[in-house]
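**Student:** Residue numbers (our numbering): 349 to 701.
Misleading hints may appear alongside valid ones.
Said to hold, decoys possible - Here are the computed lysine to any residue pairs in the SDA-like style, where the Cα-Cα straight-line distance is at most 20 Å:
id	residue 1	residue 2
1	404	429
2	635	586
3	700	608
4	411	396
5	411	401
6	365	385
As the list claims (entries may be wrong) - Have a look at the derived ranges for each label pair, beta carbon to beta carbon:
id	residue 1	residue 2	range
7	666	695	32 to 40 Å
8	579	672	26 to 34 Å
9	605	679	27 to 35 Å
By construction, these hints were calculated from the structure, which means they are not laboratory data. Using N, Cα and C, we set each Cβ at its ideal position, and we do this for glycine too.
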Amino acid sequence: LLSPSQQDHKMSLQVLKVLPEECASDRLILVDENVRYQMRDHLVSSSAPVFHFLQKLGDSHEKMFQVFHAWIRYVPVPAMVLMETPLLEAAVRSLVDPQCLEVAADVIVEVLRMYPSHHMSNQGLVEKLIPLLSSLPFDQALRSDDEDVLRVYCRIITEMGESYMSLILSSQQKEASQLVEWIVRCSAIQETEIASITLHFWYRMVMDLESVEPYEYRQDLVDRYTPHLLRLIEICTLNLMRYPPNFDELPEDRVDDIHRDRFYVAETVEDCCRLLGGHMVLQQLGKLLRQECQRVDGNAQTDWQGIESCLTSIQSIHRFVPSDEAEVLPFCFELIPRLPTDITALRFTTSKI
């Protein structure tokens, strides 16, 4: 199967791709399930020579990465074997090749997903991956106008955050803060479908940070990431929550998609209250609402989306608003009667406040 014959490469790659997929498939019914585990063990022991074979294929990068991805996903390859293969570096380098962009990203994302930092056995692999991935041109990619590039780098950065959450919540302040800053920038991508990829990371971060002990250390982490969370609230409110200008002309299924996405964004804003407290989040939302009112300056009839998204965010945190709040809410109640009444989406939001 691992014959060096060039004409056999195509067949060998297809077999190597299918083998781990079929071994892990629930559709493959076996009389004796032990056979499946024996085959899996055989694949594990064969992973190093298989990777060495793939490494020699210099002219079949796309298919090679598809096989590599299948083995990482379905075979519990030891972290040490992955550390030693040059295929990881090859996948990172291939991110600049448009033909291999997606499949190389699939490989990197799968490695991050399957080898998180909180497992001590993955420590060596994590220490190798961090400088390798940090060398990627994230800043340049996030300024790109190419949606494919933005999506790929957003996936990689977000998966890094989720997989290396234990490092983000550790004392490695500089590296962790840089990673979280990249994720904030991914959340700010103008294409909301891509930016929404990051929302699960923020949910995970809140859940994991809430469980950190002792309380003093947890508060230190909250203080470290407060600027990032305040920026996230602004992004969620003015970007991700914002209705598109042509909202009234959209088909019903697209409107349903927007409402679904806004529900998850609203939950992200609400989750920030669990770390920062309702008062701080409400103050941030009140500041954004005032800025939006000043920007619109009487043109709410045609430019109402920002005010509506601010009010929606305020409504989403109602459970965390202090009972004696006397600054933002009075401003909202004073503002609502002055807003246009013939815009259905805006009227619906104000009725819930």
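**Student:** Does each hint fit the structure? Answer for all of them.
**Tutor:** Here's how the hints hold up against the structure:
1. A hinted pair counts as satisfied when its Cα atoms are at most 20 Å apart, and residue 404 with residue 429 qualifies at roughly 16 Å.
2. At most 20 Å may separate the alpha-carbon atoms for a hinted pair to count; residue 635 and residue 586 meet this at roughly 12 Å.
3. This hinted pair checks out: residue 700 and residue 608 have alpha carbons roughly 17 Å apart, not beyond 20 Å.
4. Restraint check: the Cα-Cα separation between residue 411 and residue 396 comes to about 18 Å, which is no more than 20 Å; the hinted pair holds.
5. Distance check on the hinted pair: residue 411 and residue 401 sit about 13 Å apart at the alpha-carbon level, within 20 Å; holds.
6. Between the alpha carbons of residue 365 and residue 385 the distance comes to roughly 18 Å, so the proposed pair stays at or under 20 Å and holds.
7. A C-beta distance of roughly 19 Å is found between residue 666 and residue 695, which places it outside the suggested range of 32 to 40 Å.
8. The given range of 26 to 34 Å is respected by residue 579 and residue 672, whose C-beta atoms sit roughly 28 Å from each other.
9. Hint check: residue 605 to residue 679, Cβ distance near 32 Å, so the stated range 27 to 35 Å holds.
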